[in-house]
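Protein chains: 2
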Amino acid sequence: MSTTVETSRNGVDTVQLFGTLDAIKGDPSLARFQFRARNRWIDGAHNQTRIRDFYAANQEDASRAQEFVLDAGEPAILLGKDTGPNPAEYLLHALAACLTTSLVYVAAARGVHLTEVESLLEGDMDVQGALGLSDEYRNGFERIRVSFRVEGDAPEEKLREIVARAEQRSAVFDMVTSGVPVTLDVATAG
Amino acid sequence: MSTTVETSRNGVDTVQLFGTLDAIKGDPSLARFQFRARNRWIDGAHNQTRIRDFYAANQEDASRAQEFVLDAGEPAILLGKDTGPNPAEYLLHALAACLTTSLVYVAAARGVHLTEVESLLEGDMDVQGALGLSDEYRNGFERIRVSFRVEGDAPEEKLREIVARAEQRSAVFDMVTSGVPVTLDVATAG
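Here the protein sequences line up with chains S and X, keeping their order.
Just so you know, we're using our numbering here: the first sequence kicks off at 1 and counts up by one.
Just so you know, we're using our numbering here: the second sequence kicks off at 1 and counts up by one.
Warning: the hint list may mix true and false statements.
[Stated by the list, open to error] A few chain X residues that face chain S, going by a derived Cβ cut-off under 7 Å, partial list only:
no. : residue
1   : Leu120
2   : Asp135
3   : Val146
Calculated directly from the structure, the hints in this document are not laboratory data.
Yeah, the Cβ is synthetic: ideal placement off N, Cα and C, and Gly gets one too.
Whole structure, please, built from the sequences with the hints as guidance.
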């Protein structure tokens, strides 16, 4: 018999994963991160965000070969020209992506091979709030429903535990469900 | 002297804008929207969201000519291969895009021509939370700072009023600052 030590699972380098956890346990200052987004209005509902630099592990991270460019827009019924997903749809994507990544990392750490992870997110909104027509409705989604389909080489109970742990540790799930303090500064020019 | 009635301002069709507001006042059921995102895991920190269909004005909206595809990822230090912005960065983008669009629409409605709108968003996070290493830190950003630069043909006071109104009515600002109830269903297969 031979034993093979897996160094990667679900596309996650588990040696690096446990090494990162150990490094942070040894020096918690490595865990301080700052992420950034730079947005510029183009025209109407079209605006664009550039993302590249961030701070991590006590320095500016310079590992990204290029910046990411994201276009936002609105569909015709919301007075846009479909130059991109709208901001509320981007929030659903952020939530889906974070839950999925958390789930994949947790499974990798716990020795579970995943074969498929899919999700559908739905957010319900009455736009009388955001349009300023009624104070009976909030501006954002009243609720978000997330439906996951997860397949892997573990019993249902273990797969459900992994999803529950991902929900418990997802950065965006935390922010979307509990809220974040936001400060807003404005500089103007006529 | 001649007077010209503007039908578009800041790239926003103001005739359609006020027409939409009047239509919803006449029939508030038109204001019910549902937005959706469909995510699929690819490998490691790489997952992809498809966005197209949504519900609005008492029907499925079929106006979008094509779907939007968004790739998420993580940088090397967070065990990914930079296949896209990470989920927390997407959340910053969603917030920037929504505040900017709200600001542009409010300015259009109030007769203000904007010439430039830029913003920088910064989110601070200690990843000991999301990595499950410490319960002293939350999973998401502790705080988000938004710095806007707004130029237009109005006095500073009016530009600041427009930003304040946008903050008050932005769907994503509402969700990110106050939180949204999220339900999560899971179907599994071994």
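Hint check:
The interface hint given for leucine 120 of chain X is met, as the beta carbon of that residue sits about 5 Å from the closest beta carbon of chain S, less than 7 Å. With 7 Å as the threshold, the beta carbon of aspartate 135 of chain X stays out of range of chain S, its nearest partner Cβ sitting at about 11 Å, so the hint is violated. Nearest Cβ of chain S to the Cβ of valine 146 of chain X: about 5 Å, under the 7 Å cut. The hint holds.
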